Amino acid sequence: MNPEQQNKIGTSQPTVVLIDNSHAMQSMLRDCLLDFQVSLLHYNTVEEADRYLHSHQPDIIFLSLLMPDKNGLIYLRELRQQIMHRYTQVVIVTSKDYEQDRGAAQELGVSAFLVKPMPMQELTETVRTCIEKNEADIERTLQL
Amino acid sequence: MENEDCYLRFWGVRGSYASPYSSHLRVGGNTSCVELRVGRHILLCDAGTGIIPLGEQLMRREPPQRELFIVLTHYHWDHICGLPFFIPAFSPEWHLKIFGPGQDAQEVEDYVSSQMTSPFFPVSTATWLADIEYLAPKTREFTYGPFNIRYQNVHHPGITFGYRIEVAGRSIVYISDNECLFLEKTITQKSAQFNAMERRYYDEMQKEEYEAELELLTGADVLIHDAQYTREEYDKKQGWGHSYYLDTVKSALGAGVKLLFLFHHDPSHDDEKMREIHYHALEKINQYSSPMKCLVAREGVKLHLNGPGRIG
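Heads up: the sequence lines are chains A and B, in that order. Note that this note's numbering gives residue 125 to position 125 of the first sequence, counting from 1, and the numbers run on in steps of one. Numbering-wise, this note's numbering comes out as the position in the second sequence, counting from 1, plus 144.
None of these hints come from the bench; they were simulated from the model. Just so we're clear, the structure is a prediction, and the values are computed from it rather than from any experiment. Yeah, the Cβ is synthetic: ideal placement off N, Cα and C, and Gly gets one too.
Here are a few chain A residues that face chain B, going by a calculated C-beta distance under 10 Å: (1) ASN21; (2) GLY72; (3) LEU73; (4) GLU78; (5) SER95; (6) GLN100; (7) PRO117; (8) PRO119.
Excised from the complex, chain A in its bound form (with noise of 0.2 Å):
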């Protein structure tokens, strides 16, 4: 078992963290998790976020690519240099609907690429998938 399932073992409530300087999407999230017993953490920037992924490992991190200070690719580039970061799940949610840009998210393992405006449906489905996702790996490495 690696470091970063350990630490997840240890957690009592799956945490989700959105980075987008959007507060619409924020509140939009918020609603979507409400069947869900997790907890929310939002950051308005990259270096906000940074500050507390570089100690923490959430569940599932929702990024946006057009932040206002740094490029999501880059970042999320950046985070999968992160040895606890480098299965992390990774969502990407934007309003730019571009192969280029799917193509570089997919390369980086994201667990989808969700583009703006979908329905609160996908959204709430992408976290669920994500979750049982977690679950599952969780499983498979006790099973070991």
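Put chain B on the given structure of chain A with help from the hints.
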């Protein structure tokens, strides 16, 4: 400062690919390159084919110039394809600084160099004799001589920057490639599918994105902005990363811009078509009773930045 050269000059104004046709000569056929000069300091925005004639001029210039700074918006071909033919890069006396999107300086160098590899080009950047310094984003703002430069991510495929440059008491915003008001359009198109809660959130999101989009442009003295498509073209090419020219006008009006240059012209638009686009843009501005001036960016046009902003 007043006695120094202090101007902005267009060397390349086309988008996508060069269009050296006789029907396009009034506007020009070279791809993106804009020179900002204050005395001995030269800042170039993008390195499309327009940089090639600029390089030739720089080599002839007396007294000789030996340093310049290039800011790249992104690495699509039309913005870097002039570099392999930029003579100062092959000259050992020169010092070039090249800034663009990337995680670090090595990545910027890799992107610039990759177009000069076999079998696509006969020589590599190893043949560049100039002292080349590659720079990657570290802070949101930096300076080069008298230029204060700020950048922001814009709406275009891949990582693309727009720049706001403050110099000689003027603010010049250069956004060569940007699909403006994209979220607003997609929300409008999909609004029938939303429930009341979604509609409320997306109305709010649209306002937030609009404000964020205008942040770099607000109060600019000069805005050079993507205006590639007509309405009909945009309808077919929505999601290609470029703007319908009246959306550009709308954004510029919203941001209180003083002078708008329509830029990154579609290569299929000949001089006559550009006249038509310009006239239509002016009509729209007139409807809003706005004092904003609007011009079509043309190769060779020079805007003097000191004094009253004379165009030569």
